[in-house]
Amino acid sequence: MKFGDEENQQERNGEQPADNRSMPATRDAVKGKAAVADETIAKIASKKPPTHSHLVVRASLIALFALFFYILVGTVVYQKLAYDQGWTTIDATYFCLVTMSTVGYGDLVPLTTGNRAFTVVMIFVGIIFVFTTVSSAVGLIMRPISDAGRALMERLFPQRPIDINRNGQPDFMAPRHPVIFYSKNLLPSILLNTFIQLISAAVFLAFEEWDFGESFYHCLVTATTVGYGDITTRTQGGRLWACFHIMISVALLGELLSSVDELRQTRKRAVRKVRQLAAEISPDLLQNLRKHVPTLRRPDQENDGDMLTVACREHIRTESGFSVGLCSERMSTSCF
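Quick note: the sequence shown uses full-length UniProt numbering, first residue 1, plus one each step.
Treat the hints with care, since some could be wrong.
Stated by the list, open to error - So the derived label-pair ranges between C-beta atoms look like this:
#	residue 1	residue 2	range
1	P158	I62	37 to 43 Å
2	Q236	I128	25 to 31 Å
3	M153	R58	26 to 32 Å
4	T102	V56	23 to 29 Å
Just so you know, the hints here were simulated from the structure itself, not pulled from any lab data. Bear in mind the structure is a predicted one, so any value in this text is a computation, not a measurement. Glycine residues also receive a C-beta, built at the ideal position from the N, C-alpha and C atoms.
Take the sequences, apply the hints, and build the full model.
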């Protein structure tokens, strides 16, 4: 019997063909997969972004693992390669951190060809992978302290609010003089760095035969990664503390320098906004904006003034150099 005859016979007997019987099951399977996909999408959409504490914990764990592995490998290898130089475990660890942070005092140096070849590998691995991870973790840990200090300075020396449309709500904060702006925002980080260096200098006095001026000078030279090597640690206790001091102080200085760049960008945006608000809306600009009204008109908008505001919001950045959103603050229907 042919396949078509068999199917017709099934229909005459009141039976559904095999293909038709499988269609409901296929539709149910598709619906089930769609429901699972929708549920997965809903879970992803409802997932909250990680909090600062979660970021700190994750970054700290990654940094500790990378630092531990780097120091472990470096210490074991250096104690083998520099055996004739009499390096202790603390000396090898100290040399690893001095290398990774690019301080490079020069008090401990590799002398053999194999030691120097391994040191080249440690330099690139330490700078590119390990130190950037550790520095980011330290910055995340210390950032709330700097942010709290900036918030306190803002409460003590608040910016002057500017209300353009006189609705009682400030539209933006007037930027301060550059000296005041940078001093107010950088002072907390500078004080934190200074405090860390003063404490570190006091600790070094317990191990090294320095006066406080020499100790503080050594801390600043270390924090800036200059590492002249004119004043270096000689004792095992001093080098052990130097391992902690190098990591903390160099990372904090990196956070300070990154703050300078962030503040520069913040001030640039604030000054640009003030200049845009102070600029005059010329007849040529208004005529140029009117050209966009027909392309943006919606059926529910008949007022040219409203449409001109829409045109301004959509095309003002490319056509006139103003920021999007400023047009509604500067224009009213009375202009038309």
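That 25 to 31 Å hint for Q236 and I128 (C-beta), does it hold up?
-> With a Cβ separation near 30 Å, Q236 and I128 satisfy 25 to 31 Å, so the hint holds.
Take the C-beta atom of M153 and the C-beta atom of R58, compute their distance, and say whether it sits inside 26 to 32 Å.
-> 30 Å, holds
Honestly, do T102 and V56 meet the 23 to 29 Å range at C-beta?
-> At 25 Å between Cβs, range holds.
Range agreement (Cβ of I62 with Cβ of P158, hint 37 to 43 Å) = 38 Å, holds
In the structure shown, no violation is registered for any of the earlier numbered hints.
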